[in-house]
Amino acid sequence: GAGVSQTPSNKVTEKGKYVELRCDPISGHTALYWYRQSLGQGPEFLIYFQGTGAADDSGLPNDRFFAVRPEGSVSTLKIQRTERGDSAVYLCASSLTGQGIYGYTFGSGTRLTVV
Amino acid sequence: ELKVEQNPLFLSMQEGKNYTIYCNYSTTSDRLYWYRQDPGKSLESLFVLLSNGAVKQEGRLMASLDTKARLSTLHITAAVHDLSATYFCAVLFGNEKLTFGTGTRLTIIP
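So the protein lines, in turn, are chains A and B. With the first letter of the first sequence counted as 1, position 67 gets the number 67 in the numbering used here; the numbers rise by one all the way through. If you want the numbering used here, it's the 1-based position in the second sequence plus 115.
Simulated from the structure, these hints should not be mistaken for lab results. C-beta atoms are modelled at their ideal positions from N, C-alpha and C, and glycine is treated no differently.
Derived coverage of chain A by chain B (criterion: at least 3 residues anywhere in the stretch with Cβ under 8 Å from a Cβ of chain B; other residues may be distant):
| # | region |
| --- | --- |
| 1 | 51-64 |
| 2 | 99-113 |
FRET-style restraints, in silico, Cβ to Cβ:
| # | chain 1 | residue 1 | chain 2 | residue 2 | range |
| --- | --- | --- | --- | --- | --- |
| 3 | B | Lys156 | A | Gly85 | 20 to 30 Å |
| 4 | B | Glu130 | A | Gly59 | 33 to 43 Å |
| 5 | A | Thr113 | B | Pro123 | 24 to 34 Å |
| 6 | A | Lys78 | B | Gln172 | 41 to 51 Å |
| 7 | B | Ser160 | A | Gly72 | 20 to 30 Å |
| 8 | A | Ser58 | B | Gly155 | 22 to 32 Å |
| 9 | B | Lys183 | A | Ser27 | 32 to 42 Å |
| 10 | A | Asp57 | B | Ala193 | 39 to 49 Å |
| 11 | B | Ser160 | A | Thr113 | 25 to 35 Å |
| 12 | B | Ala184 | A | Pro61 | 30 to 40 Å |
| 13 | B | Ser160 | A | Ser58 | 20 to 30 Å |
| 14 | B | Asn139 | A | Ser9 | 29 to 39 Å |
Listed below are the simulated DSBU-like cross-link pairs for lysine-lysine, each with C-alpha atoms no more than 30 Å apart in a straight line:
| # | chain 1 | residue 1 | chain 2 | residue 2 |
| --- | --- | --- | --- | --- |
| 15 | B | Lys156 | A | Lys11 |
| 16 | A | Lys78 | B | Lys212 |
| 17 | A | Lys78 | A | Lys17 |
| 18 | B | Lys118 | A | Lys78 |
Could you build the full structure based on these sequences and the hints that come with them?
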């Protein structure tokens, strides 16, 4: 596609529920990233995929968070037993290759609200 | 600890004036990025700076990178209302992790 597509754009869920957030990167981009942005803050790194594999998941806050990219294109961020503190905007980005040479294109984000 | 600091955090400026936003970072890197974010929107890429001394310009915005000083600047020339937004710098440390600054909320006053 022309840009990075994220769905849903908004998600409201009850505390303790499971949610899945989807990211469809720019076609041909091998690198995919998830970031989380809390209100009034800059985005924070969660996880980076190169192809199908998670090259770096050191930003995932705990084992309730998990992400996959099974075919090297679309990625899903999964959050189990959601907590109110998980409320944030989850941003996906993609890049043609790694190493930042071509910069990073961000999607519009999914605004997650846990009530 | 990796830190990226921006200043000022808030900036109100009159149309037609010039101003500079500063981005300091704590650890060696030669890859720095500037983004613009409008309220409720995602991040729009403005500049990709990949080496010491890099300077890029687009319209009324100009960005530069001094890797020795660990400093980047975003200069705004003759500001117009359309430039009102939050501006973030982000630095690439190590393996593919962008660390973002806290952002500068810019308001252009007619």
